[in-house]
Amino acid sequence: MDRRVVITGEAAITPIGNTKEQIVKNLLTGVSGVKAIREDAFLSKYIHSKVFGTIDYPIEYDFDRKYRKTMGPVSFYACQVVKDLLAKAGLDEAFISSGRLGVAFGSIHGSPSMQREIYRNFYQNNESAASAISAVSYLKSMVHTTAVNITKMFHITGRVLSSCTACTTSSQSVGFGYEMIKYGLQDAMICGGADEYDLTTVAVFDNLLACSTAYNDTPHLTPRPFDADRDGLVVGEGAGAVLLEEYERARKRGANIIGEIVGFSCNNNGGDLILPNLDGIIQAIRLGLESAGIGPESVDFVSAHATATKMGDVLEAKAIERVFGKSTPVTGLKSYIGHTMASCGIIETILTLHMIEKGFIAPTLHLDRVDPRCANINHATRLIETPIRTAAVQNFAFGGVNTSLLVKAFH
Amino acid sequence: MTRQEIQKEIYKIFQEQFEIEDPGLDDDLKDDHGFDSIDAVELFIELEKVLQVNMDQEIKKEAMEHIRTVNQILDYVDQFLPRQKTSNPNLSSK
Numbered sequence: 001m002d003r004r005v006v007i008t009g010e011a012a013i014t015p016i017g018n019t020k021e022q023i024v025k026n027l028l029t030g031v032s033g034v035k036a037i038r039e040d041a042f043l044s045k046y047i048h049s050k051v052f053g054t055i056d057y058p059i060e061y062d063f064d065r066k067y068r069k070t071m072g073p074v075s076f077y078a079c080q081v082v083k084d085l086l087a088k089a090g091l092d093e094a095f096i097s098s099g100r101l102g103v104a105f106g107s108i109h110g111s112p113s114m115q116r117e118i119y120r121n122f123y124q125n126n127e128s129a130a131s132a133i134s135a136v137s138y139l140k141s142m143v144h145t146t147a148v149n150i151t152k153m154f155h156i157t158g159r160v161l162s163s164c165t166a167c168t169t170s171s172q173s174v175g176f177g178y179e180m181i182k183y184g185l186q187d188a189m190i191c192g193g194a195d196e197y198d199l200t201t202v203a204v205f206d207n208l209l210a211c212s213t214a215y216n217d218t219p220h221l222t223p224r225p226f227d228a229d230r231d232g233l234v235v236g237e238g239a240g241a242v243l244l245e246e247y248e249r250a251r252k253r254g255a256n257i258i259g260e261i262v263g264f265s266c267n268n269n270g271g272d273l274i275l276p277n278l279d280g281i282i283q284a285i286r287l288g289l290e291s292a293g294i295g296p297e298s299v300d301f302v303s304a305h306a307t308a309t310k311m312g313d314v315l316e317a318k319a320i321e322r323v324f325g326k327s328t329p330v331t332g333l334k335s336y337i338g339h340t341m342a343s344c345g346i347i348e349t350i351l352t353l354h355m356i357e358k359g360f361i362a363p364t365l366h367l368d369r370v371d372p373r374c375a376n377i378n379h380a381t382r383l384i385e386t387p388i389r390t391a392a393v394q395n396f397a398f399g400g401v402n403t404s405l406l407v408k409a410f411h
Numbered sequence: 412m413t414r415q416e417i418q419k420e421i422y423k424i425f426q427e428q429f430e431i432e433d434p435g436l437d438d439d440l441k442d443d444h445g446f447d448s449i450d451a452v453e454l455f456i457e458l459e460k461v462l463q464v465n466m467d468q469e470i471k472k473e474a475m476e477h478i479r480t481v482n483q484i485l486d487y488v489d490q491f492l493p494r495q496k497t498s499n500p501n502l503s504s505k
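One line per chain: the protein sequences are G and X, in this order.
With this note's numbering as the guide, the letters of the first sequence map in order to residues 1 to 411.
With this note's numbering as the guide, the letters of the second sequence map in order to residues 412 to 505.
Mixed in with the good hints there might be a few duds.
Partner residues are not named here, just some residues of chain X that face chain G (Cβ under 10 Å, in silico) [as the list claims (entries may be wrong)]:
(1) 429
(2) 442
(3) 443
(4) 447
(5) 450
(6) 453
(7) 456
(8) 460
(9) 461
(10) 462
(11) 470
(12) 474
(13) 477
(14) 490
(15) 491
Taking lysine-lysine and the DSS-like style, the derived pairs with C-alpha atoms no more than 27 Å apart in a straight line are [unchecked claim]:
(16) G/83 with X/423
(17) X/441 with G/35
(18) X/441 with G/50
(19) G/69 with X/441
(20) G/88 with X/472
(21) X/460 with G/152
(22) G/326 with X/472
(23) X/441 with G/83
(24) X/423 with X/471
(25) X/460 with G/20
(26) X/472 with G/66
(27) G/25 with X/471
(28) X/419 with X/441
(29) G/20 with X/472
Please keep in mind that the hints were generated in silico from the structure rather than gathered at the bench.
Where is the CB? At the ideal position from N, CA and C, for every residue including glycine.
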């Protein structure tokens, strides 16, 4: 069974806004959401990178305590985007609880702030602190906390999948959700990812010498994907969700179809857990095209993973050149939002959907001087007004996981 | 602590921890106020602080099966508090 899978809703919380209007405006005007890191009581003193893709606008949450009691910050983001998504999507309640709607949603490691609460009690080494390590602590912090807080809040009874593959978490959510509908296991899926503000993630990349540090006084000028003066990634926070539906069902109910997923690939480098791998990336891109049944000439836009690390960008540019050649426009959207970890794939997919709808390709920010080793592809260095029929959204993760999503304008 | 004083403390816990305002003494806490087993465990932790006792796991397990209303919580505390003062092996003063 091969069924068409369309996108009938989106919602995001990103460093450049949480509405389509704000996000599109910032893409069109080249506004970055990277800000100075917030001071905390410990790690911010020691971390060399002082920049972060930050949500600095207020979000009005309106969740009853019965839901809040099992939610850490990451689940607040997750449930809010799904709430916004469902408010726009117009699904009826009977379908939501029918078992034919599932959830594919993840984060890179649940809620790190709630995990710290557990260990704060652990290290106190006394009985009352030990008894404070409760079921609630676990429910707030566990790896699949986002997915099941979503199912609880919205009474969703279908399949649950909670990818936890670092930077490919949410691209896997979309891809695996797409496959569940395509092959008839579910009729609709809420797919996405979220990550909360967390400096331990920054510390990991900082200690790996992979974080940007040269722009601490000018956060809005980093990260700089493919630029000769790039100096590493910028960790960020955020969330995003899309509603995928089987096409006939969406058409019959008169859903607002905003795009279509036509292909997905996921592979592994089969070796090193950190270093990017040219062959693995090329293979993932090719498998994505094969899955969609299209050639590289059909792709009008590539959303590159492009974290602005020294080697990652070079290898990705080589892979894009090898598969797509020198003419397909390429943008590194992390130049606007930083690397939002588990949510990067879904946010970049949603930004791509906005560009498909509005007919433009946003340029990679700060790409003033292309690194000669990344030069053999068609970088979008200025705003391009053009229709996008099909886009490839690429993401690569620690652990050697690679994904490619093929997103098509709906006709 | 008198039953009335304990009731006042329980109402304070319900308001501050569970956002449940002045439940009726015989309201079904689960059905009427969404008070579930996770909340019950949290309530025990708060009661231990207020009453300055440690309830062992057996007491908590038994209580979980019996407390559906505020009155039942009060009965339970009544049942164990005096025994605790007379060296109930399952309850120890902090």
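Item to complete: Taking the numbered hints from earlier one at a time, note which ones the structure violates and give those numbers from smallest to largest.
Response: 2, 3, 9, 10, 11, 12, 13, 14, 15, 16, 17, 18, 20, 21, 22, 25, 27 and 29
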